[in-house]
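Chains as they are written, first to last, in this note's numbering: chain G, 1196 to 1785; chain Y, 5 to 105.
Honestly, I wouldn't trust all of these hints.
Mimicking DSS-like on lysine-lysine, the simulated pairs with C-alpha atoms at most 25 Å apart in a straight line are [claimed, not checked]: (1) K1418/G <-> K1382/G; (2) K1594/G <-> K1525/G; (3) K1296/G <-> K75/Y; (4) K48/Y <-> K1318/G; (5) K1612/G <-> K1594/G; (6) K1446/G <-> K1403/G; (7) K1247/G <-> K48/Y; (8) K1525/G <-> K1619/G; (9) K1555/G <-> K1341/G; (10) K1318/G <-> K15/Y; (11) K1247/G <-> K1318/G; (12) K48/Y <-> K75/Y.
FYI, nobody ran anything at the bench for these hints, they're computed from the structure. Here the structure is a predicted model, which means the values were calculated and not measured.
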Amino acid sequence: MSDTNSIPSQQILRGVPVSSGIAIDSAYVINDSDLIISKELIAEENVAQEIKRFHEAIALSIEQLDQIQKRIDPKKESLLDNIIASHQSMIQDVQLLEKTKQFIQEHNMNVEWACQCAIEDIKQDFESLESIYFQERMSDVEAVGKRIINNIVGTQLVLDPLPTGSILVGKDVSAIELIQFFHMGIKAILLEEGGATSHCAIVARKYKIPAIMGVQDLCQTIKMSDPIALDGTTGEIIIHPTDALCHSLLKKKEKQQIAFDRLCSSERGLLAKTQDDVLIRLMANVGLPNEIPLALQYGATGVGLFRTEFIYLVNRSTLSESNHVEYVKKTFDLLKGAPVIFRTFDFAADKNFVSISSLKNQKNPALGLRSIRFSLDDTGRDLFVTQLRGFLKASIYGKLRIMFPMISQVEELLEVKNVVNQVKQDLINEGVSIAENVEIGIVLETPSAALIIEDMLDHLDFISLGTNDLIQYTLAVDRGNHSVLPLYDGAHPAVLRLIQHVVTSAASKKIPVSVCGEMAGDPDLALLLIGLGVLELSMDPYRIPEIKHRIRSIDFKELNKESERLIKLATATEIRQGIKTYIHEAMTDV
Amino acid sequence: MSKKNQEFIEKTFEIVHEGGFHVRPATKFAQCAGEFKSQIEIRKDSDTFGEWVNGKSIMSLLTLAATQGTKIRVRVSGDDARDAIQVLAEVILHPFSDDIE
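If we strip away everything but chain G, and leave its shape as in the complex, we get (with noise of 0.2 Å):
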């Protein structure tokens, strides 16, 4: 264009905000489902310098994974570390090498489209293996092509070394493929795809990394190097924005920070404790143990939810019993005594898990095979076993509590336990000690397992109630489809209700109820849970202090009344501002 007055003018898109804080950079935007390859057939004269193009791309990709390596610390960072030599060991893989030559020699095809057909070749080797971990390797295979086929065509998309504090942009990405670009010194992220509780926005929170998911035409309307503010607290995205925008969201950044810093240190020390005196427990959501500490110091009293998938996913030396007993033993330690409750595999057939293929070409997968179904699945029980076994050799480490995720049936219910009684007869059989006082819980993250709670609570050490899931499937809205967002709502009653009647059920056989899903997090509805006698919620550390500081200022006897009458309201609008109105009346009042 010859115009260059023309300023590009300021344009705002809209997501979920998964993590929050405000980040003002340069969009870096991969795009790397559209990548496109053309497939030509190369004359005779050609072939050696098609092959000697795949071993310049083959040389650059190693290139690429040195530089990376060379950014991280391989003691703190021994997983990606291990990742960046596997994937080096099979980018120079013979077979890959000779299958690509293969296709090139013998039907002269273009460099690319042989190296794909390669891939695709070897991909099928593995989605027969038996064993899931061997089956995933399928994901290694595919990254290492798609690496290889960028090098190419020369668009250097995933893992490409990033110009630091660049904004990610894409439609959807791994956990793991997160992780690396967070070593790569990404800033924030934004997603077309994924939602507040996808494995990304879980890895978005840990590296406290703005991120925003969800932003519908995303990947169409930011252009590579585009100037970018984003708020990962509104979820608001400005493209072109203008200086008086950045400098107005810098001071806010910078108060935000100063608030949250304030608000952490006059908590510190204290007690959950209503005005009248009940005792809150606030716990912290974690992945890894090394999240506990950062978690303590927010103030969490201990972790109500440890989700083990992440362990799975970063750990891509095949996951042995060993492992287990040793991250379960690190976070005992770490705990010094404060409770922790470990949730057992939680799988669904989600990006991270493709390659396990019982999880994969589902209709219907959030209503399928997934969590504890594929845990008692043929499939996938002998993860779960190990699982099981590793919790249980820990047991003489400290405390031990196993929550099961989405039990909806009494059947279920007592199959988990007869597998765990199994499991400990077997290694009592082995000659290996185990605690006897192994607590067993399950995550009430249907509204079947809510309906028929009391039928449960005899076979039960505890309850935790997985809103995510209870929302969801309950409102039957599916919180990643744009078109059905707005209906996803834990205010709505239908969800309160039935959190009620647990709370209730499980109150008259003592049976402790907490709730570890987002809405524990939500400062308005984590009171809500309160007021209906929830009294352990677990959340993202960082929610802590805000929602202790609430905690303290409100008198629990009024909180109930109130919270039991907003929950007859009959729409989550009403109940959304009863609440809000309630507490800030509250607050002044103190």
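Could you slot chain Y onto chain G? The hints should help.
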């Protein structure tokens, strides 16, 4: 190449370490195998009619899906077969022997 130097050795090993023949040990194996001129192939021992895979290819080795306790058969043929089988036996039994920890 003189015929009489051509050696052909076949041997069975058990994968003993936890986790089986996963990425790290397989990478190690493929790298070591690649240093020899001999042809090196592997298959699962239980799989009499199974396909032999290229022992120098990490990707092929992974498709064996050899978990802990699996017996694998290694077939080496070439001038340096004797040395190769010795080194590879060591790699199978102690894949991490040169690790610092």
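Here is how each hint holds up against the structure:
1. K1418/G <-> K1382/G: holds, 17 Å
2. K1594/G <-> K1525/G: Satisfied, since the Cα-Cα distance of roughly 13 Å is no more than 25 Å.
3. K1296/G <-> K75/Y: violated, 33 Å
4. K48/Y <-> K1318/G: holds, 19 Å
5. K1612/G <-> K1594/G: Since the Cα atoms of K1612/G and K1594/G sit roughly 18 Å apart, the hinted pair holds (cutoff 25 Å).
6. K1446/G <-> K1403/G: Roughly 19 Å separates the two Cα atoms, so the pair holds.
7. K1247/G <-> K48/Y: Measuring from Cα to Cα gives roughly 35 Å; hence the hint is violated.
8. K1525/G <-> K1619/G: Within the cut-off at roughly 21 Å; holds.
9. K1555/G <-> K1341/G: Within the cut-off at roughly 21 Å; holds.
10. K1318/G <-> K15/Y: violated, 28 Å
11. K1247/G <-> K1318/G: This hinted pair holds, its Cα atoms lying about 24 Å apart.
12. K48/Y <-> K75/Y: holds, 6 Å
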